[in-house]
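As a plain string of letters, each chain reads:
There are 2 protein chains.
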Amino acid sequence: MKIDVIPYASAIRPDLIKNRNVVVIDVLRASSVMVTALANGANAFIPVSTVEEARQKAVKLHDEDILLCGERDTKTIDGFHLGNSPQTYTRSKVEGKTLIFTTSNGTQALNQLQEAAEVFIGSFLNMKTLVHRFLEMDDVVLVCSGTNNNFSMDDAMCAALFINEIMNMKAVLLSDLSITLLKAFQKDNGNLSLLLKDCYHSNLLKQNGFGDDVDYCLQKNILNIVPEMKNGRIIKG
Amino acid sequence: MKIDVIPYASAIRPDLIKNRNVVVIDVLRASSVMVTALANGANAFIPVSTVEEARQKAVKLHDEDILLCGERDTKTIDGFHLGNSPQTYTRSKVEGKTLIFTTSNGTQALNQLQEAAEVFIGSFLNMKTLVHRFLEMDDVVLVCSGTNNNFSMDDAMCAALFINEIMNMKAVLLSDLSITLLKAFQKDNGNLSLLLKDCYHSNLLKQNGFGDDVDYCLQKNILNIVPEMKNGRIIKG
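Protein sequence lines, in the order shown, are assigned to chains A and B. So the first sequence is numbered by our numbering: it starts at 4 and just counts up by one. So the second sequence is numbered by our numbering: it starts at 4 and just counts up by one.
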């Protein structure tokens, strides 16, 4: 299995993802939100790039049961129903709803993947199920969303965990970045507390009062769904 | 000291390098060529992006003692005096000469750094001297040139060696990518043979008959100069 990694959203180029199976990883917090909400019965996410686009889409889809969701500068957007804290996406709030979703990093990545073969959502929460989903496939591009157009260790170590797990099950052909992330992950024996001790994004969230979100998002294998993108919507696969 | 890393040449953005001290790293082989040739008495390198630009520059600088140097697809360019094998840049060939230089990756990086404060050339060959040069500075951006617009482990592990060495001498503030490269480097205790065993670029060069170049370029601290860019030329600092 051929494994490539794209280090952050703005490094996505059509030639890197065309006709390939892509996993989008935005651990803190868009991927974790989508996995959690879909596991709690949400109907679909519609990722959009801007706040204005989200509001327009809500008007257009007035016959669906809509929630406006997302963040800017880590915080809930004025007038939106939900922010970017996964644990607020409870069953009572999201079941049967269509969630229009805009975030600083994760949804930017999703909107650049039109030429991919298949697009899946990866996080620590659903890693085991995600890896099993790929056992029969022969290639993957792991797209780390990053933070503010830069490389972010939380996403990179999630990509590394995918590589570490799937290598135990099948033969792999790793790109240079894949090898590098895997070595970094193995240096601390996959201990996320150690690996992410000085990670900019997780520390920023803690400073902004979202420490509980960070703790939640770094849990491995607690949800067993793999979200997929179909016709511009993220649904439970 | 603040340490950032840019993962490959096409990821250079003006906001990442403006007014900052930059080290350009293209281990295989542009950095190693420049360090070697300047140590052997070359007058200067003039980096250019295209083969055509190199020929035009040679005509324009007809009153200097010029050599046309560089590679495409790892091989010497038709009609050029020298390719990209550092050991061919002997004192007898390069002393006192001005070298017009175009390569697939390294010189592309150099021509995107107009807004940097200072630009230096880094390689394994001159690492110790380079690190000492930075002891009094308070920031650096390590630009890994990469290979064909992608991340390349040879450059990344050279950046990691810089970080590993300077951390022993002064306090540092590391970006997420800096931390990741350092952890990968330390996983194999800085053993380059182990780290680069599956590196795409070094294996490509070996397949193309340049195994001796790879062995040469991975030697640490055998030359004690730090090339710098001044007015579009790379000179011995």
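A few of these clues could be false.
Which copy is meant is left open, because identical chains are indistinguishable; a pair holds if it fits in one copy or across any two.
Stated by the list, open to error - With a straight-line Cα cutoff of 30 Å, these simulated DSS-like cross-link-like pairs (lysine-lysine) come out:
id, residue 1, residue 2
1, K131, K190
2, K5, K78
3, K209, K173
4, K63, K5
5, K78, K190
6, K78, K239
7, K190, K223
8, K209, K5
9, K60, K5
10, K21, K96
11, K78, K173
12, K200, K21
13, K209, K96
14, K60, K200
For the record, the hints were derived by calculation from the structure and aren't laboratory data.
Exercise. Which hint numbers doesn't this structure obey?
Worked result: 4, 5, 9, 10, 11, 14
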